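Sequence lines, in order, name chains A and B. With the numbering used here applied, the first sequence corresponds to residues 579 to 938, in that order. With the numbering used here applied, the second sequence corresponds to residues 579 to 938, in that order.
Rather than coming from a laboratory, the hints here were simulated on the basis of the structure. Predicted model only: the values in this text are computed from it and were never measured.
Since the list gives no way to pick out one identical chain from another, each pair is judged satisfied if it fits inside one copy or across any two copies.
Dumping the calculated EDC-like pairs for lysine to aspartate or glutamate here, alpha-carbon to alpha-carbon at most 20 Å:
| hint | residue 1 | residue 2 |
| --- | --- | --- |
| 1 | Lys-586 | Glu-623 |
| 2 | Lys-797 | Glu-623 |
| 3 | Lys-621 | Asp-583 |
| 4 | Lys-586 | Glu-626 |
| 5 | Lys-580 | Glu-623 |
| 6 | Lys-684 | Asp-661 |
| 7 | Lys-684 | Asp-660 |
Protein chains: 2
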Amino acid sequence: MKLTDQYKAAKYKFQGNGPRSIDTLKEALNSIQEDRFADLYGKGEIIEEFEKKFAVILGKESAVFMPSGTMAQQIALRIYADDKNNKKIAYHPLSHLELHEQDAIKILHGLETVLLGEPNRLFTIKDLMSVEENVGTLLIELPQREIGGYLPALNELEEIIEYARSKNMYTHLDGARLFESLPYYEKSPAEIAAYFDSVYISFYKGMGAVAGAVLAGKKDFIDKAKIWKRRHGGDLISLYPYIIAANYYYEKRKGVMSKFHEEAIELAKYFNDLPAVCTTPEIPMTNMFHVHADFSSDQLEKIVSKIFSEFDVSIAGGIKKIDEKTSKFEISIGEEFSKIPKELLKQVFGRLNEYIKVRS
Amino acid sequence: MKLTDQYKAAKYKFQGNGPRSIDTLKEALNSIQEDRFADLYGKGEIIEEFEKKFAVILGKESAVFMPSGTMAQQIALRIYADDKNNKKIAYHPLSHLELHEQDAIKILHGLETVLLGEPNRLFTIKDLMSVEENVGTLLIELPQREIGGYLPALNELEEIIEYARSKNMYTHLDGARLFESLPYYEKSPAEIAAYFDSVYISFYKGMGAVAGAVLAGKKDFIDKAKIWKRRHGGDLISLYPYIIAANYYYEKRKGVMSKFHEEAIELAKYFNDLPAVCTTPEIPMTNMFHVHADFSSDQLEKIVSKIFSEFDVSIAGGIKKIDEKTSKFEISIGEEFSKIPKELLKQVFGRLNEYIKVRS
Numbered sequence: 579m580k581l582t583d584q585y586k587a588a589k590y591k592f593q594g595n596g597p598r599s600i601d602t603l604k605e606a607l608n609s610i611q612e613d614r615f616a617d618l619y620g621k622g623e624i625i626e627e628f629e630k631k632f633a634v635i636l637g638k639e640s641a642v643f644m645p646s647g648t649m650a651q652q653i654a655l656r657i658y659a660d661d662k663n664n665k666k667i668a669y670h671p672l673s674h675l676e677l678h679e680q681d682a683i684k685i686l687h688g689l690e691t692v693l694l695g696e697p698n699r700l701f702t703i704k705d706l707m708s709v710e711e712n713v714g715t716l717l718i719e720l721p722q723r724e725i726g727g728y729l730p731a732l733n734e735l736e737e738i739i740e741y742a743r744s745k746n747m748y749t750h751l752d753g754a755r756l757f758e759s760l761p762y763y764e765k766s767p768a769e770i771a772a773y774f775d776s777v778y779i780s781f782y783k784g785m786g787a788v789a790g791a792v793l794a795g796k797k798d799f800i801d802k803a804k805i806w807k808r809r810h811g812g813d814l815i816s817l818y819p820y821i822i823a824a825n826y827y828y829e830k831r832k833g834v835m836s837k838f839h840e841e842a843i844e845l846a847k848y849f850n851d852l853p854a855v856c857t858t859p860e861i862p863m864t865n866m867f868h869v870h871a872d873f874s875s876d877q878l879e880k881i882v883s884k885i886f887s888e889f890d891v892s893i894a895g896g897i898k899k900i901d902e903k904t905s906k907f908e909i910s911i912g913e914e915f916s917k918i919p920k921e922l923l924k925q926v927f928g929r930l931n932e933y934i935k936v937r938s
Numbered sequence: 579m580k581l582t583d584q585y586k587a588a589k590y591k592f593q594g595n596g597p598r599s600i601d602t603l604k605e606a607l608n609s610i611q612e613d614r615f616a617d618l619y620g621k622g623e624i625i626e627e628f629e630k631k632f633a634v635i636l637g638k639e640s641a642v643f644m645p646s647g648t649m650a651q652q653i654a655l656r657i658y659a660d661d662k663n664n665k666k667i668a669y670h671p672l673s674h675l676e677l678h679e680q681d682a683i684k685i686l687h688g689l690e691t692v693l694l695g696e697p698n699r700l701f702t703i704k705d706l707m708s709v710e711e712n713v714g715t716l717l718i719e720l721p722q723r724e725i726g727g728y729l730p731a732l733n734e735l736e737e738i739i740e741y742a743r744s745k746n747m748y749t750h751l752d753g754a755r756l757f758e759s760l761p762y763y764e765k766s767p768a769e770i771a772a773y774f775d776s777v778y779i780s781f782y783k784g785m786g787a788v789a790g791a792v793l794a795g796k797k798d799f800i801d802k803a804k805i806w807k808r809r810h811g812g813d814l815i816s817l818y819p820y821i822i823a824a825n826y827y828y829e830k831r832k833g834v835m836s837k838f839h840e841e842a843i844e845l846a847k848y849f850n851d852l853p854a855v856c857t858t859p860e861i862p863m864t865n866m867f868h869v870h871a872d873f874s875s876d877q878l879e880k881i882v883s884k885i886f887s888e889f890d891v892s893i894a895g896g897i898k899k900i901d902e903k904t905s906k907f908e909i910s911i912g913e914e915f916s917k918i919p920k921e922l923l924k925q926v927f928g929r930l931n932e933y934i935k936v937r938s
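Excised from the complex, chain A in its bound form (with noise of 0.2 Å):
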């Protein structure tokens, strides 16, 4: 069985909130017992009050809901080069724009980007002093997802945020899990944007509703963005079914970051403490990290499909090949790991024990 379909099945989950299905969206729509007017290309009730609330939350003066987090940071950073007339973009060398969009910055939007640093860390304001072009827009992940959700100590954030604006730089917050980050900072969301001219968050990450995104900064800015969404053909007759799920699991789930980051740095130790097998951070700074083994991926996997099939427990959805001899894999907490009884837990890890011992 695939590892995906082992996540599916088991009874026990290290990750996640389970399963993604039909029945994410009945719930959230169920909750709601009256019928409601659908909104129609922005407008209406359903939209418009929650993007105030957003715009409140993430205290920006306004926000828009898109349904794509590539959608909404393509806008963003395609309205400050249009701005500035500087199609230089700055980010980390794994940012989301850089792996996962098939270039749809430089092709769809012919910007250029300058990436900081190395992959496998953070990248720092020495790195971006470093930069000799005129760079127009600086975007910073919190966290750093790739190299597995590090985060920037807050006064590292604030030098870099303040070389950036000496600079004349506008700066974009890439929040696909900023708010699994506010534990880690004891910040308020609207506390970390802040330090930056728009910030995009998700809704589909820890708070595990359906799909979709909201933008925020100033109204000007914003105003365009809906131009642009309307251009991408982001601006659907309507947007309902996923601004009803984000506001029922951010509802649902905003309260619980802080159990989440606790128990990443529950379930790290206990990684950490095996043979062969280390995390990244060591110490979670949010509910994720990634799990590194001197296996190569298909051992991993057999490892990880033994403990499935002895214990009913999914470790991972899947595995990432490194090199012929290492391979990772990641970890999100969810509602889904607080399920696991702490006995199970310690046996699962015994006898992953005994599985590395005897392959190490």
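Go by the hints and put chain B onto chain A.
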């Protein structure tokens, strides 16, 4: 009360499938008893089965579900432009791409448009033959919505397509209302789509689903379209809310388009019997038509509002000013029309006749 609010409030409505509301989605979702796994970035049974089904319905090798027609059509035209290294796209002056997409085809994709014929009529083969530019792709909208829903005769369509092919143009069908056109042609969707290299269809016009579109064509074309869907930000983690509704309402309403067409003919006749009023087309070719009146939009709105107050009937959800003395509105027949008792319909037009005579 605004006309849009009258439409929502009125017991009887000339047009549409009723106010768009969240119950539309609830009805579709609740038709699925068991839980089903969500689609994930274009993969999974829900989306793949649906795409295969519509590839067959449209007689094409492959199909992809898109969040919107705006996205689907820009993508189709961009693929053809890149393939031919020819940025020139020809279409009707009132194409959706020209009027309602914030010039995305030009600003986002850098394509150039050639407008065929006059705004107030279908373009003909003569219009196409008189184009001096070397056009790469021809887009035809069936029916031409902005002039009331005209359709070319099938032999005229054949001539146009034959000429376009002889000039090595790609041909794309804007089939936003393709299913609404089939009773007139007495053809299957695949038979009409067969004239074209690719076709886009919509699910929230006559079908009355929530949102969404399908783009269909050759396999390599659709493979490219999926990459562009990602670039546009349309490859959402899950599109099932729209897909489930599209499938449900397609099955519910695919058989009623002939009835809607006949009812449009019936209602248009009522309007054409009024003084100072005519419809385009005079005899509707689909479920839609436009009603033109020799009144200012203010005058016409007052008449429509009086009918609402008196009979609890919404004639129009909005009125468009043409000039100081003339105005128009659009009728698209849906499930609401047949709910109006015939006797009431006669009374409404009797009263309209009185109002118009007084003012003429």
